[in-house]
Amino acid sequence: MRCLLGLLWLAGVLAFGVNTAQAHPHVWITATSELIYAPDGAITGVRHAWTFDDMFSTYALQGIETKTKGVYSREELGSLAQTNVESLKEFGFFTFARADGKKEKFQEPTDYYLEYKDAALTLHFVLPLKTPVKPKELAVEVFDPAFFIDFKFADKNPVKLVGAPAACQMKFQRPNDGTANAQKLGEQNFLSGENSNFGMMFANKITVECP
Amino acid sequence: MSPKSPSGFARRLTICAGAALTILLLDSAIHALLAQTPFGGPRPSAEPQVGGIVGWLLSKQSEFYREMSATVRAAKSDGSAVWTLLGISFAYGIFHAAGPGHGKAVISSYLVANQETARRGIVLSFASALMQSLVAVVIVGICAWLLNATAKTMCGAEKAIEIVSYALIAAFGARLVWTKGGGFIRALQAPRPVPAMALAAAAHHDHAGHGHGHHDHDHSHAHAQGHAYVAHHDHEPRHDDHGHDHGHVHDEHCGHSHGPAPGELAGPGGWRRGFGAIFAVGIRPCSGAILVLVFALAQGLFWAGIAATFVMGLGTAITVATIAVVAVTAKDLARRLSGTKEGGGALFMRGVEFGAAGLVLLFGVGLLFGYLAAERVTCI
Numbered sequence: 001m002r003c004l005l006g007l008l009w010l011a012g013v014l015a016f017g018v019n020t021a022q023a024h025p026h027v028w029i030t031a032t033s034e035l036i037y038a039p040d041g042a043i044t045g046v047r048h049a050w051t052f053d054d055m056f057s058t059y060a061l062q063g064i065e066t067k068t069k070g071v072y073s074r075e076e077l078g079s080l081a082q083t084n085v086e087s088l089k090e091f092g093f094f095t096f097a098r099a100d101g102k103k104e105k106f107q108e109p110t111d112y113y114l115e116y117k118d119a120a121l122t123l124h125f126v127l128p129l130k131t132p133v134k135p136k137e138l139a140v141e142v143f144d145p146a147f148f149i150d151f152k153f154a155d156k157n158p159v160k161l162v163g164a165p166a167a168c169q170m171k172f173q174r175p176n177d178g179t180a181n182a183q184k185l186g187e188q189n190f191l192s193g194e195n196s197n198f199g200m201m202f203a204n205k206i207t208v209e210c211p
Numbered sequence: 001m002s003p004k005s006p007s008g009f010a011r012r013l014t015i016c017a018g019a020a021l022t023i024l025l026l027d028s029a030i031h032a033l034l035a036q037t038p039f040g041g042p043r044p045s046a047e048p049q050v051g052g053i054v055g056w057l058l059s060k061q062s063e064f065y066r067e068m069s070a071t072v073r074a075a076k077s078d079g080s081a082v083w084t085l086l087g088i089s090f091a092y093g094i095f096h097a098a099g100p101g102h103g104k105a106v107i108s109s110y111l112v113a114n115q116e117t118a119r120r121g122i123v124l125s126f127a128s129a130l131m132q133s134l135v136a137v138v139i140v141g142i143c144a145w146l147l148n149a150t151a152k153t154m155c156g157a158e159k160a161i162e163i164v165s166y167a168l169i170a171a172f173g174a175r176l177v178w179t180k181g182g183g184f185i186r187a188l189q190a191p192r193p194v195p196a197m198a199l200a201a202a203a204h205h206d207h208a209g210h211g212h213g214h215h216d217h218d219h220s221h222a223h224a225q226g227h228a229y230v231a232h233h234d235h236e237p238r239h240d241d242h243g244h245d246h247g248h249v250h251d252e253h254c255g256h257s258h259g260p261a262p263g264e265l266a267g268p269g270g271w272r273r274g275f276g277a278i279f280a281v282g283i284r285p286c287s288g289a290i291l292v293l294v295f296a297l298a299q300g301l302f303w304a305g306i307a308a309t310f311v312m313g314l315g316t317a318i319t320v321a322t323i324a325v326v327a328v329t330a331k332d333l334a335r336r337l338s339g340t341k342e343g344g345g346a347l348f349m350r351g352v353e354f355g356a357a358g359l360v361l362l363f364g365v366g367l368l369f370g371y372l373a374a375e376r377v378t379c380i
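Chains A and B supply the protein sequences, listed in that same order. For the record, in the first sequence the residue sitting at position 182 is 182 according to my numbering, with numbers rising by one throughout. For the record, in the second sequence the residue sitting at position 179 is 179 according to my numbering, with numbers rising by one throughout.
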């Protein structure tokens, strides 16, 4: 019996070691987003502004030629911005929209540019919906499923509705980060079986309800 | 030894051990598989977030990593901050290796498949971590420092190296499967109702050409079991006496230390076998190291970045070595337990080895074709 327990312990340690943390971010993004509405009340797209952490900003700027050292103009950063939006395409721009439960697709980004301020790069871009929609309930989630990038929305004015019908109500839900809430949520999940959508746990979720 | 009950107990233990090992390996494979589902649905990759300890681990890791950039900046004006940087890097390395890297999975599977010793597991872990650090330094040294290439170029280099690494892992796994498959099939084909035959076949795999004249049938039951046990150990020499050495030790106590000395397993050319594992795993650098190096370079402290990278590698090696030792020990235990059985034990151990070899191949192919998510290269 001692042996069996020992083996189980070993197995546990090994499982823990092999399995621990699929997720660990290398890049941190502080985001603000705007949902853009057409005059007819349909949502047309999402405008993102993503500020990278200083380590990644420095990495991204490696090898970029500038006229003045340490000062990067929008033009000088043009090719990098191009690279960014091209690479982000592979990951669906980390933006996932559902209109009344139905998945919505995005077009290629427009109006994209990079801005360098306070040792940090900010990527601005607009993600137009393939077809503007007028749902009762719209959900937009921003997160990296692989958690290579940690998305955190700005503390102040994280999400704005631009030109939305007055009756629309916006709710913004931050992810439950893996620290303080983890244990509690873990237990809840096990006990109630609710909220079993684990991927949501670090999604920033914007919900807009228009009656 | 009473003939019936200990063997029944051992059988149950064996099954448990086998099940544990299989579930474990499968589980890690499936987790890795699921981590890269297309963007359609919710992904289970967030699952580790729910665990309290894991959550803590994760947040620690992020903490250390995030402190690095501030510390490198601090080191510009205050030299003593370099020590802090090294401390953080070491801690990060330890925590980081508990993450999704393919390295420890491949190394552990290789060790299990290939009847390796814990000592060699440790050496392999350290060698591959050292190589990983070295590759990171070389990439950044050449691309960023010498050529002042852009992040895009560097990322291209990373991607190319990544593909080479995964292809090597797949090739390495294929070779393991080929070798271990033979042993497994031979063990399968062995007519199990007659224990002596089964173990002759199983033993054949590891010491081909040796005589097995001592399997005459006036041996007692206990002796036959002793043979079965020895057969799993890949013993090279000493056939003439093992029946007497080991025949008596198989009771329900599994704590006996009667495994072969590490030196006996590392036969001629033994280290060369491990070299493939080191190379396949070590050639792919860690994204974190690349980021830190480029950042340090930009701050004019490339040397500090290099030091941090190697210290990080040291931390990683410690964690990977620990996991490798656990894997080897678990297999050892399973082997001891299954050793008390007749021919089926050999079949079981060959099956485990074959499965582990298959996993290495699976990892390689999965990584290569993007079914498995490893740590992403820094291309954004």
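Keep in mind the hints are simulated off the structure, nothing from the lab. Among the hints, a few may not be true.
[Stated by the list, open to error] Only pairs whose alpha carbons sit at most 27 Å apart, straight line, appear in this in silico DSSO-like list of lysine-lysine: (1) Lys76(B) - Lys89(A); (2) Lys67(A) - Lys117(A); (3) Lys205(A) - Lys136(A); (4) Lys69(A) - Lys76(B); (5) Lys60(B) - Lys152(A); (6) Lys60(B) - Lys69(A); (7) Lys205(A) - Lys103(A); (8) Lys76(B) - Lys117(A); (9) Lys160(A) - Lys134(A); (10) Lys69(A) - Lys136(A); (11) Lys105(A) - Lys69(A); (12) Lys152(A) - Lys130(A); (13) Lys89(A) - Lys152(A); (14) Lys69(A) - Lys102(A); (15) Lys160(A) - Lys69(A); (16) Lys159(B) - Lys205(A); (17) Lys89(A) - Lys60(B); (18) Lys60(B) - Lys156(A); (19) Lys136(A) - Lys117(A); (20) Lys117(A) - Lys134(A); (21) Lys89(A) - Lys102(A); (22) Lys89(A) - Lys103(A); (23) Lys103(A) - Lys69(A); (24) Lys69(A) - Lys130(A); (25) Lys60(B) - Lys67(A); (26) Lys205(A) - Lys60(B); (27) Lys205(A) - Lys76(B); (28) Lys67(A) - Lys76(B); (29) Lys67(A) - Lys103(A).
Are the Cα positions of Lys60(B) and Lys69(A) separated by 27 Å at most?
-> Status violated; Cα separation ~35 Å.
Take the C-alpha atoms of Lys60(B) and Lys156(A), compute the straight-line distance between them, and say whether it is at most 27 Å.
-> 26 Å, holds
Quickly compare the C-alpha distance for Lys89(A) and Lys152(A) to 27 Å and report which way the hint goes.
-> 20 Å, holds
Agreement of Lys136(A) and Lys117(A) with the hint, judged by alpha carbon distance not exceeding 27 Å = The given pair, whose Cα atoms are some 39 Å apart, is violated under the 27 Å limit.
Restraint status (C-alpha distance of Lys60(B) to Lys152(A) at most 27 Å) | Holds: Lys60(B) and Lys152(A) sit about 17 Å apart, inside 27 Å.
Are Lys160(A) and Lys134(A) close enough, with their CA atoms no more than 27 Å apart?
-> 17 Å, holds
27 Å Cα cutoff - pair Lys89(A), Lys103(A) = 17 Å, holds
Lys69(A) paired with Lys76(B) [C-alpha distance capped at 27 Å] = 18 Å, holds
Are the Cα positions of Lys205(A) and Lys103(A) separated by 27 Å at most?
-> 14 Å, holds
Given the hinted pair Lys205(A) and Lys60(B), is their alpha-carbon gap at most 27 Å?
-> 25 Å, holds
Hey, Lys159(B) versus Lys205(A), does the alpha-carbon distance stay inside 27 Å?
-> It is violated: about 32 Å lies between the C-alpha atoms, which goes past 27 Å.
Is Lys205(A) within 27 Å of Lys136(A), Cα to Cα?
-> 16 Å, holds
Of the numbered hints given earlier, the model fails hints 1, 6, 10, 11, 14, 15, 16, 17, 19, 20, 23, 24, 25, 27, 29; all others are met.
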